[in-house]
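Enquirer: Please arrange chain B on chain A, whose structure you already have, making use of the hints.
Residue numbers (the numbering used here), protein chains in the order written: chain A, 1 to 459; chain B, 1 to 459.
Simulated from the structure, these hints should not be mistaken for laboratory data. Honestly, I wouldn't trust all of these hints.
The list treats identical chains as interchangeable, and a pair is accepted whether it falls inside one copy or across any two copies.
Claimed, not checked - List of simulated lysine-lysine pairs, BS3-like, C-alpha gap at most 30 Å:
1) K164 / K350
2) K222 / K164
3) K165 / K310
Protein chains: 2
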Amino acid sequence: MPEINGPRGRIVKAPENFLTPDGIKTVFREGKSGRRDFIRQAFVAATAAGAAAGSALAAGNPVPSEGGDPNILNLPTHSTGLGQPVVTDGYGKPSQYETNVQRRQSPGLTQTTQASVSFAPLQSLFGIVTPSGLHFERHHQGWWDIDPSKHRLMINGSDAQIVKKPMVFTMDEIMRLPAVSRFHFIECGANTGMEWGNVAVPTCQYSHGMLSCSEFTGVPLKAVLDMCGVDYRRGRFVLGEGADGSSMTRTIPMELVESGEVLLAYGQNGEMLRPENGYPLRLVVPGVQGVSWVKYLRRIEVGDKPYAAKDEVMHYVDLMPNGLHRQYTSTQECKSVVTTPSGGQVLLDKGFYNISGLAWSGRGKIRRVDVSVDGGRNWRSARLETPVLDKCLTRFNLDWVWDGKAALIQSRATDDTAYVQPTYRQLRQVRGSRSIYHNNAIQTWLVQESGEVKNVQLS
Amino acid sequence: MPEINGPRGRIVKAPENFLTPDGIKTVFREGKSGRRDFIRQAFVAATAAGAAAGSALAAGNPVPSEGGDPNILNLPTHSTGLGQPVVTDGYGKPSQYETNVQRRQSPGLTQTTQASVSFAPLQSLFGIVTPSGLHFERHHQGWWDIDPSKHRLMINGSDAQIVKKPMVFTMDEIMRLPAVSRFHFIECGANTGMEWGNVAVPTCQYSHGMLSCSEFTGVPLKAVLDMCGVDYRRGRFVLGEGADGSSMTRTIPMELVESGEVLLAYGQNGEMLRPENGYPLRLVVPGVQGVSWVKYLRRIEVGDKPYAAKDEVMHYVDLMPNGLHRQYTSTQECKSVVTTPSGGQVLLDKGFYNISGLAWSGRGKIRRVDVSVDGGRNWRSARLETPVLDKCLTRFNLDWVWDGKAALIQSRATDDTAYVQPTYRQLRQVRGSRSIYHNNAIQTWLVQESGEVKNVQLS
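One chain only, chain A, in its complex shape (with noise of 0.2 Å):
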């Protein structure tokens, strides 16, 4: 067993603008009454039972019936009776029972709620695809419902001969044109940035929360910039400009637009975008991190040199251990983590589990993903389900039969450049330990033998 950097989950020495131990106590406690706990639930429902009784639910639920053959279970309500209506609500939510499934803001980690982030219950999830509801949110000041009616995208270039037709455009005419829908993942480039300082924040939402992934559609950015007359000789670069009072501005590498890949999308997983997502428009640049993918987008102009905007120079760059920003490290290297079991949960007895995670890469699609439950031993493929899509999530599987010790679970991910996620030690090699952006080092849970999961990072 490699050497551990001490029972990190636990965290006793919780930076006072992160998680205080009484956070991390909720956490826990969130944790354990999750999903995964239907059984110990079920016993806390027994001893509780005069108050339980009260419940239109658990009455209905199967009960001996009185004075009868035990034996002889009464049907539950659900089995006689008539149930809800449709449309109980035109649009609807998820159960009763799973409202512990939500988005969690990290209490302190941020000085405001509207310069803020909330992470995506990863934990709680299943395949690629993150219910709307649950995406992580991520504002600079905070988020706005506007009004797709008087929303208006306008395309200009830093000067007269860059863009020869400078437009503005509706929604409405955004949405008549040539559409495409791909599915991508988007990570904040700060997603696990309390791990470079050490900081294990115990649960893998507050770990690797800043990630979703959806359905984008939209209009390829190339088309509305080819309407507009771009000359791409000189203009190489555009900057989105968001509409919210951040002024979000951020540079894009015409490459990537050539590509076709870079969206003027106002679809997510179906539907129109969300608020807090964007609503009506953001930019999607697959691969690249989260702040790139402007939103409440009303600007694009297109330029020859990149931009140095606000977001480029003082946040989103690289601290390297001589003392240097690295700028303009945009794309997201290829990353992993096991979701299940992962910290804050408990394994309460030995046997069969499925080991559960996502792997993603930005620069294009996973080619294998392999899982060690001895902290990097011996290591085993995981099944990828499929379509493993380019710049998107991928969800892995893998069997294990846990006896009771304690184990370290690990993933690593290869994309298909052949890349492999790297180890701390590797990524602290090259990048020192000051960073807050770009952390992509293999994560480790440790298995306890009480079947308590931590965060813990091996040295």
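Expert: Below, chain B without anything else, positioned relative to chain A:
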């Protein structure tokens, strides 16, 4: 121009058990106020400026600054103010401007609202994923939100030899087994059923909206049957039984189970199934009509012959021209529909439009989709959005410039068995016109010179 069998979109003779004239007007009104009509909505907003001024959002949008240079616009509030915080809702909702996009019941179609249907708003959807909140509903005795900690799945045989080791599973036990995730469409066998009787319902939502598509996660039923010691030589059929009051039971041939495609599913689009869709457990039977995807699944019985259950004898059978009923025709044949433009929508002016729609086949993948704008005289191949998956919706798109004249828009899908979606004439030659189920004929939308789109059936 082929002969049109009356301007069917108007439906003056709506049967009493379907839409009333008032209901049709409502649908039309709703269609016209949909997202494709931003410009007209903007005009309405402008003429109702007094009322709109009360809205913070309306007030926040660009207006010329008073008394100043009319070319200098005041910035909208959302570009200057502080927006909403993260986790305003732990489970997010669509924009307030999208409340028109919802599932709808067809007034009068069914005698109760519990044994009824709600239709997915296909005309407003993008790509292939149906948001779970908009997934169509079909209940036989209403829906329930069943406590997963108390739900059980029993596996037994019609006799003791067919299943050697009958078992009862908790949800926790099922969710520990090896899982797979797959995208599949689900279509009610009665989808497009009203069109058999030439009742051209006004919108795509009501004509084709018993159709949805999700990423499902679950355990192959085969794996669980193996655990129970099934004798596959004798056990050639399984019966799925639901826990709701309708006691829904359906026979599924063991070949489908043995292929590994039939799933005990708990996950849908990344999260747990919704209560309306069978939470916490349903069958997924790819390519087969929705009724076989038994919801609230509580029991699987293995037997040596089909069960001739209520819903296999009285319902979901095809009345043939010779007066006999055809039984066990469960596979959904290759079909497609143009969702934009479609009935109830209005084209506001001539010019470019993106014709978009959905194609699917219960036999496999979609190979091609052809689109006609002249009622089937000339066809062009549409672009298929990737991924094109087995027994899954495929989104197609095709450029079209509308010249302002009447047009008859059709789509015709071909699957990878080389089966071609039939015309109504071809379908009726085999099936007659007295069926309810399994109508996969080519749909025609009439674009009138006014821009209004109507459902018509070519004779």
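Enquirer: State for each hint whether it applies.
Expert: Tested hints:
For the identical chains of this complex, K164 and K350 are inter-copy neighbours only, at 25 Å across copies versus 68 Å inside a copy, given an alpha-carbon limit of 30 Å. Only within a single protomer do K222 and K164 lie at most 30 Å apart by alpha-carbon distance; the minimum there is 15 Å, versus 62 Å between protomers. Taking identical chains as interchangeable, the C-alpha atoms of K165 and K310 lie at most 30 Å apart only when both belong to the same chain, with a minimum of 28 Å there against 66 Å between chains.
Comparing the model with each numbered hint stated earlier shows that all of them hold.
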